[in-house]
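Q: Use the sequences and the hints to build the structure in full.
Here the protein sequences line up with chains L and R, keeping their order. Sequence positions in the first sequence follow the numbering used here and run 1 to 51. Sequence positions in the second sequence follow the numbering used here and run 1 to 387.
Treat the hints as calculated values from the structure; they're not laboratory data. Hints are supplied without guarantee of correctness; some may be wrong.
No more than 27 angstroms apart at the CA atoms, straight line, and that leaves these computed lysine-lysine pairs for DSSO-like [what the hints assert, rightly or not]: (1) K8(R) with K27(L); (2) K312(R) with K302(R); (3) K293(R) with K51(L); (4) K51(L) with K47(R); (5) K314(R) with K244(R).
Quick caveat, the model's predicted, so the values are computed rather than measured.
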Amino acid sequence: MSLVTIAYYVLTAFLLGLVIWNFVREKVSRDRLVLYLLVMVPLILRLLRVK
Amino acid sequence: MRREATVKASLAAALAGLVLWGGLPLYRHRHFGVPVVKGPGVTAVLKLSEFSKGLEGTAADTTVFVLQGKEPGGRALVMGNTHASEPEGMLTALIFIEHAVVEKGTLYVIPFFNASAGRNTRPGDGYPLYFDVPTEWGSKRFRFGNRDASPLDQWPDPDVTVHYPTKQLLSYIDARNTNRTWPGRPGGLPMERVTFGAMELIRREKVDLAIDIHGAETMFPVTNCIVAPEKSVRVATMAALTVKAAEGFESHVEPSPPRFHGLSHREIGDHSDALPFLLEAPIPFLDQPTGPKTVEFFLDGKDPFLLSLSKKKKLFVPYDETGWSLEKRVGQHCSTTLEIFRQFSRRNADRALVVKGVPRYAEILENGVGHYYADPSKAAPGTVLRH
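A: Quick look at the structure:
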């Protein structure tokens with residue numbers, strides 16, 4: 001795996017961490033909770049090396 | 001507070017379910033092994049990484065089947081699944097692996113050339129994950145791949161692909177397209193290493209003929225043809241004329257554009273002594289304006305929308321109610337490949353390649369493609385590989 005690819009995986013993990021943090025901190029909007037979860041799907045699939 | 005936690009936990013559980021529901025079939029597809037039964041003509045099995053060290057241990061490495069004849073002669077390389085969404089090439093290559101017996105010369109067969117693309121999927125276009133070819137013993141299952149390598153094996157994509165060595169600018173996605181990365185380089189991106197491995201095989205083994213088997217849309221002008229550069233045109237023309245006269249199917253010759261780089265039919269000829277050929281058979285399944293992309297449609301090639309377009313003369317091939325079946329496509333490829341061998345051998349007696357046992361167009365039309373695949377569960381021990 002090249003350094004650039006590793007950097008992209010680190011970026012993906014960082015973005016996923018941000019979204020999880022926002023999900024945990026969200027107090028008001030259920031719509032936002034659902035949206036955070038949907039945004040997580042491709043990030044999780046990539047980190048698990050599924051798609 | 002408790003209510004909020006319950007809502008979040010429920011939603012997170014729903015997400016986990018969604019990831020499992022969507023992800024598991026993709027995971028299974030990526031790890032599904034297609035059984036390949038070695039026929040009596042296979043004398044050695046190599047990995048492409050033996051010619052391109054950078055592929056070793058990666059998902060882009062692939063298997064090379066060697067069929068060496070008793071007598072020395074010409075050498076040919078046959079490649080399938082350069083584009084894994086055009087599996088006719090791979091199906092043809094498997095027929096050669098199971099049935100070809102080389103009497104003179106040596107044949108190298110790479111059925112899963114872009115091995116990573118064969119483990120990539122195209123669910124966004126509604127493509128199935130697998131297709132089953134009916135046989136006398138049941139059905140043989142294959143992965144339906146994508147045109148390009150999986151981003152799991154080569155990521156990220158560049159904004160623009162800069163072809164090596166010409167520096168020609170290509171679409172970003174072509175960095176994962178093994179018919180745009182020829183001649184490749186040893187330390188390049190994984191797909192450049194794949195094509196470099198094949199170039200090294202061609203150069204080191206002194207391959208005379210390199211045949212890259214594809215399929216194309218019926219609405220695409222470069223279909224139902226042999227694409228050949230200047231040095232291959234004579235053999236390609238004779239092969240095209242012969243199959244039309246003797247076997248009754250069309251496969252005209254298209255010139256390889258000299259300034260369009262990265263394609264096998266251009267770069268193999270420019271970077272080695274081999275004569276390259278790229279075979280195209282029409283695959284209605286690949287066309288855009290069709291009905292659902294079902295396995296049945298892939299097998300029989302019948303579609304009412306294409307039929308309507310054909311009546312309006314919008315297609316580049318004749319198309320009627322009989323469609324364009326898998327048998328026709330694979331049959332054409334088998335016959336055209338054998339005819340290229342024969343035409344080359346006629347002109348180069350000292351480098352002749354004599355291959356027996358491979359069925360031709362009419363036989364495949366009559367018996368079906370599946371007739372030529374052995375039951376892996378009944379194959380002799382040690383003769384089945386999973387790819």
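Q: Would you list, in rising numerical order, the hints stated earlier that this structure does not obey?
A: Per hint list: zero violations.
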